[in-house]
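Engineer: From first to last, the protein sequence lines stand for chains H and W. Start counting the first sequence at 1; every next residue gets the next number (UniProt numbering). Start counting the second sequence at 1; every next residue gets the next number (UniProt numbering).
These are computed hints drawn from the structure, not numbers from a lab. Where hints are given, some of them may not hold.
[Unchecked claim] Covered stretches of chain W, going by a simulated chain H footprint (3 or more residues, C-beta under 8 Å):
hint: 1; stretch: 150-164
hint: 2; stretch: 171-181
hint: 3; stretch: 291-302
hint: 4; stretch: 327-339
hint: 5; stretch: 342-352
[What the hints assert, rightly or not] Examples of chain H residues toward chain W, derived with CB under 10 Å:
hint: 6; residue: Leu-19
hint: 7; residue: Thr-60
hint: 8; residue: Leu-128
hint: 9; residue: Val-132
hint: 10; residue: Ala-139
hint: 11; residue: Leu-190
hint: 12; residue: Asn-235
hint: 13; residue: Leu-249
hint: 14; residue: Ile-250
hint: 15; residue: Ile-303
hint: 16; residue: Ala-306
All values reported here derive from a predicted model rather than from experimental measurement. The beta carbon of each residue, even a glycine, is placed where N, CA and C say it ideally should be.
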Amino acid sequence: MNLRERLTGETLALAGLVLILVLLPSLATAFFVNFVMTQTLILGLAAATIVFLAKYGGMTSLAQLLMFGIAGFMFGNAALDGGARGLNLGWHPWAAVGFAILVTTLAAFLLGAIASRTTGIYFLMLTLVYGVIGYFVFAQIVEISGPGGITSIQRPDLLGPPVRLYYAGLLLSVVVYAGFRTIRRTAFGLALQGVRDDPIRMASLGFNVPLHRTLAFTLAGFVAGLAGLLNVWWNGQIDPASISIGPTLILLIIAVIGGISSLEGAWLGAFVYVLVFTYLRDLPFVDRIGITEARFNTVIGVIVLAIMVLSPEGLTGIVQRLRGRLRRRAATEPTASTGGSLPVHTTTQKELGGTRS
Amino acid sequence: MTPALIDADRSSSRRRLTELRRPPVWVAAVIAVAVAAWVLFLADGTPAGAAVDDPGKFLVTVLDGVTFAGLLFVAASGFTLIFGLMRTVNMAHGSLFLLAAYVAIRVQEAMVGRSRNIDPADVGLLDWLVPLLAGAGVAAVLGLLIQQVFLQWNEGQEMRQTLLTLAITVVLADQMLREFGGLAQRMVWPGAVTHFFSVMGERYAVTRLVMLGIAVLVGVLLWLWLTRTSVGIVIRAGVDDRQMVRGLGINIRRVFALTFLVGSFLAGVGGVLGASFAGAAPGTDGSWLLNALVVVIIGGLGSLKGAAAGSLLYGTVVAFSPAYLPSQYSYYAIIMTFGLLALVLAIRPYGLFGRPA
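Could you build the full structure based on these sequences and the hints that come with them?
Structural biologist: Quick look at the structure:
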């Protein structure tokens, strides 16, 4: 009963948040909506795929930004006609969308199949290698990336005004969030979580462990591809540097800031990141302590260091810990201090990519 | 380790026999034969030409591969040493590599007394060796500092440690950009070794052989250290069973610190060699992290033999693919790296000499 009450409370809060976000264009400035919030939703979508893989599959993937980039490049190649950059196939925009998603999903399936027999730290390293090799592929094969990137990419007419792009991002975010939450309870999702917790037992029960991992990675790649399409429509261009190792780490960092074991955290992390990125230079004191805009990466790196040192579950972890402490204090006043942070710690071990030695 | 895994280890010799009958092994064999046939007889219209027609070019490519493998080995051995003992994936390895390179370049400039257009004739042997030790020393101290401050207290939480070192990578890359600027810099080989000799009509640089010599020296010293000294015995025991080493009353923390120091020192030596060989610039850290990762993923994490084998395989592919791909496809060389990775992982998911963590 207690659990159900909490769930409905959480659902209500989320519904309220979505309502605010729907009404946001009439509440906030155009810059905030079209720049800050649209970017937040796009990055949040991409980061949510990392969280999905880490939380339910025990796989921390650094290849999600590559999927993001593949979709963008494929759309640019297929949709543009004329000009000196890319393949210039000149297809109908929605055919290009289908093509981009198809290629991205196939790439995710292939890469996932190769990586499917590794887990934990090996998986992280392998996907980092995917990301870097993918960057070099796009950087060196200029036929598909246009010398210096593909520019002046138009969105489909349906998404013409910038605010529609915001709504598209919002819609996709809600659908993906609900979808990932639903998958958790399906047969596939349950088996995937079983694979995360004990692959050997699942294999002996007759489940195809590599196949489950591959399919999860494919699904994550598909969603990351959708986010990549939104990104390329929002930016109007894409270049290989945008999927190099730095941005790859940034995307992981976004997932980590929010908390790598919570789906909401992906969007929260993206929001914090975009806020820092956009408004850091406006803060009055930063120039005086030597943090200029050029040193943005140092700030982000230090934030992540602090988060990983203090609370590996990120901001949502901090919130949950505070909430748990308050509730425990309310329920059992005397034993509150002895309970400590032990429960939090055990979930950390398990959910941070599911690696246990 | 669960009992199931121990059983799996025991039956590994039988498993290896059955593995030989698996389809990926056949596919790999067929591909290897096809590649050899292509390089030897069919590769007309490539930059190098078929090996039987132009044995000089072939020999030079082999030398390129082996000497580059030497550099790869120096860079990857520290990475694999640290992982083998501590299960820490030190993602800051590439940053230490680049930092050592920059420091060595600065020291060399100070010693020669000029900051650009240094003539190799002006560079004595000491003007190269002292910067080498200075750069590698700085990398070693910084590596030790990272281990003491950020990694020592959360031992066993692999994912947390990995994310910590990734954040350090972001910060270090940004700070190095601030300190050393964005231009490519180069370390100058001492004049005594900058000669050329002739291999079947092709000129070949002695410096590359020097690089290989240093790599072999490093490999032999490492091997002697690990097999013939009491510290080495403790390290190898720690790789097999950390808890037991602790139980025997050995202060494994001190051994951890020493290993991190040596591993970071090796990263630094690699960095200085790399700066002499190809220069240093922002982004070098990322590409050398990639190189180290590819080598250890192919060879197997934590195994020195694996690092050597992985370096040779990867070095060969890196040297051969631009030379023996048809000229208009030279840019696709990076895909060959990916192909090698996929092939090895399809046969042995944990690398050639690796074993499941």
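Engineer: Give a verdict on every hint.
Structural biologist: Hint check:
Counting residues of the stretch 150-164 of chain W whose C-beta lies closer than 8 Å to any C-beta of chain H gives 9; at least three are required, and the coverage claim holds. For the stretch 171-181 of chain W, the proposed coverage by chain H is satisfied: 5 residues have a C-beta within less than 8 Å of a C-beta in that chain, meeting the threshold of three. Requiring three or more residues with a Cβ within less than 8 Å of a Cβ of chain H, the coverage given for the stretch 291-302 of chain W holds, as 5 such residues are present. Residues of the stretch 327-339 of chain W lying with their CB closer than 8 Å to a CB of chain H number 7, which satisfies the three-residue condition for coverage.
Beta-carbon proximity to chain H at under 8 Å applies to 5 residues in the stretch 342-352 of chain W; the threshold of 3 is reached and the given coverage holds. Because the beta carbon of Leu-19 (chain H) sits about 34 Å from the nearest beta carbon in chain W, more than 10 Å, this interface hint is broken. For Thr-60 (chain H), the suggested interface contact is upheld, since its CB lies about 6 Å from the closest CB of chain W, less than 10 Å. Given hint, Leu-128 (chain H) at the interface with chain W, holds; its Cβ is 6 Å from that chain's nearest Cβ, closer than 10 Å.
Annotation: Val-132 (chain H) was flagged as interfacial toward chain W, and the flag holds, the nearest CB pair being 4 Å apart, inside 10 Å. Hint on Ala-139 (chain H) holds. Least Cβ distance to chain W is approximately 9 Å, under the 10 Å limit. For Leu-190 (chain H), the suggested interface contact is broken, since its CB lies about 22 Å from the closest CB of chain W, more than 10 Å. Restraint check, Asn-235 (chain H) versus chain W: the minimum CB separation of about 22 Å is more than 10 Å; hint violated.
A hinted interface residue such as Leu-249 (chain H) counts as satisfied when its beta carbon comes closer than 10 Å to some beta carbon of chain W; here the least separation is about 6 Å, so the hint holds. For the restraint placing Ile-250 (chain H) at the interface with chain W, the shortest Cβ-Cβ distance is roughly 8 Å, inside the 10 Å limit, so the hint holds. Contact between Ile-303 (chain H) and chain W, as hinted, is supported at the beta carbon level, the nearest pair being about 8 Å apart and thus within 10 Å. Proximity of Ala-306 (chain H) to chain W holds as hinted, the smallest CB-CB distance being about 9 Å (cut-off 10 Å).
The structure fails to meet hints 6, 11 and 12 from the earlier list, while all remaining hints are met.
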